[in-house]
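Note that this note's numbering numbers the sequence shown so that position 26 is 26, with each residue one more than the last.
Since the hints were made in silico from the structure, they are not lab data.
We put the beta carbon where it would ideally sit given N, CA and C, even for glycine.
Accuracy of the hints is not assured; some may be wrong.
Claimed, not checked - Computed list of lysine-lysine pairs in BS3-like fashion (alpha-carbon distance at most 30 Å, straight line):
1. K144 x K125
2. K89 x K116
3. K77 x K156
4. K165 x K144
5. K156 x K125
6. K57 x K96
7. K89 x K156
8. K89 x K33
9. K89 x K77
10. K144 x K33
Unchecked claim - DEER-style ranges, computed between Cβ atoms:
11. D36 x R225: 25 to 33 Å
12. D20 x P75: 33 to 41 Å
13. E203 x Q14: 55 to 63 Å
14. T111 x D36: 46 to 54 Å
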Amino acid sequence: MNRFYHPERLEINQNIYLDDTSAHHALQVMRVKTNDRFIVFNGDGFDYLAEVIEIEKRKLKLHVLSRSINATESPVKVTLVQSLSSNEKMDWIIQKATELGVNHILPIYSTRSIIKLDTARAEKKLMHWQQVAVSACEQSGRAKIPEIHQPISLIKALQLSMLNKNTLKIILAPNGSASFESLPPLNHQDIVLLIGPEGGFSEEEITLARNHLYIALKLGPRVLRTETAPLSILSIIQYRYGDLS
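Required output: the full structure, derived from the provided sequences and hints.
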């Protein structure tokens, strides 16, 4: 069943209007008609069944019929700390990470990051990334939207990760000594996953991460692109610790 995001409170027997973008897609692409039904969600973890009750030119009025628990969230909570990359690559990473159940995405500046954002551009990018995540939730069936944070420096990200002691912290490193087989079993822990930029992390950055209790993990014999690495490791994490089977 088709899904649409509605960024406001939802209640049974409530009448709502879809935003202009969603209404355009529903009317022009899906060709919805009066009495058609689909799912609306607002990020609270529930799915709301809604019915089209009125079509006014470019406006789509819905009536919320019922609410049900959405059971697509993974049992393992993952924060992706991703070095900033080019526009298309970041969009791809956020889209796929959302589909694979990540809970938080923290963009960071590292030594070899090719993207630098001033405050205004960072705010604009953050809004765009949130929309990418929303679209990925619509497609993948999730009802909770990953929280995407403002970009910060690597050292600040490492310091923040130390605030929660009950985490398994992993940095992908081509020369890492750990493998997935050597990782400890999770004991009600969250996972923090640190991914480098196009040129990878410097040796100094990898050492710095190790000093902040990150495990340097080697993901096979081949060097993966920055947009391929999170897709690969998140799939493995969900298979080993989460709900991929």
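Checked hints:
| no. | hint | result |
| --- | --- | --- |
| 1 | K144 x K125 | holds (20 Å) |
| 2 | K89 x K116 | holds (15 Å) |
| 3 | K77 x K156 | holds (21 Å) |
| 4 | K165 x K144 | holds (25 Å) |
| 5 | K156 x K125 | holds (20 Å) |
| 6 | K57 x K96 | violated (34 Å) |
| 7 | K89 x K156 | holds (23 Å) |
| 8 | K89 x K33 | violated (37 Å) |
| 9 | K89 x K77 | holds (23 Å) |
| 10 | K144 x K33 | holds (28 Å) |
| 11 | D36 x R225: 25 to 33 Å | violated (41 Å) |
| 12 | D20 x P75: 33 to 41 Å | holds (37 Å) |
| 13 | E203 x Q14: 55 to 63 Å | holds (56 Å) |
| 14 | T111 x D36: 46 to 54 Å | holds (52 Å) |
Violated hints, in rising order: 6, 8 and 11; the structure is consistent with all others.
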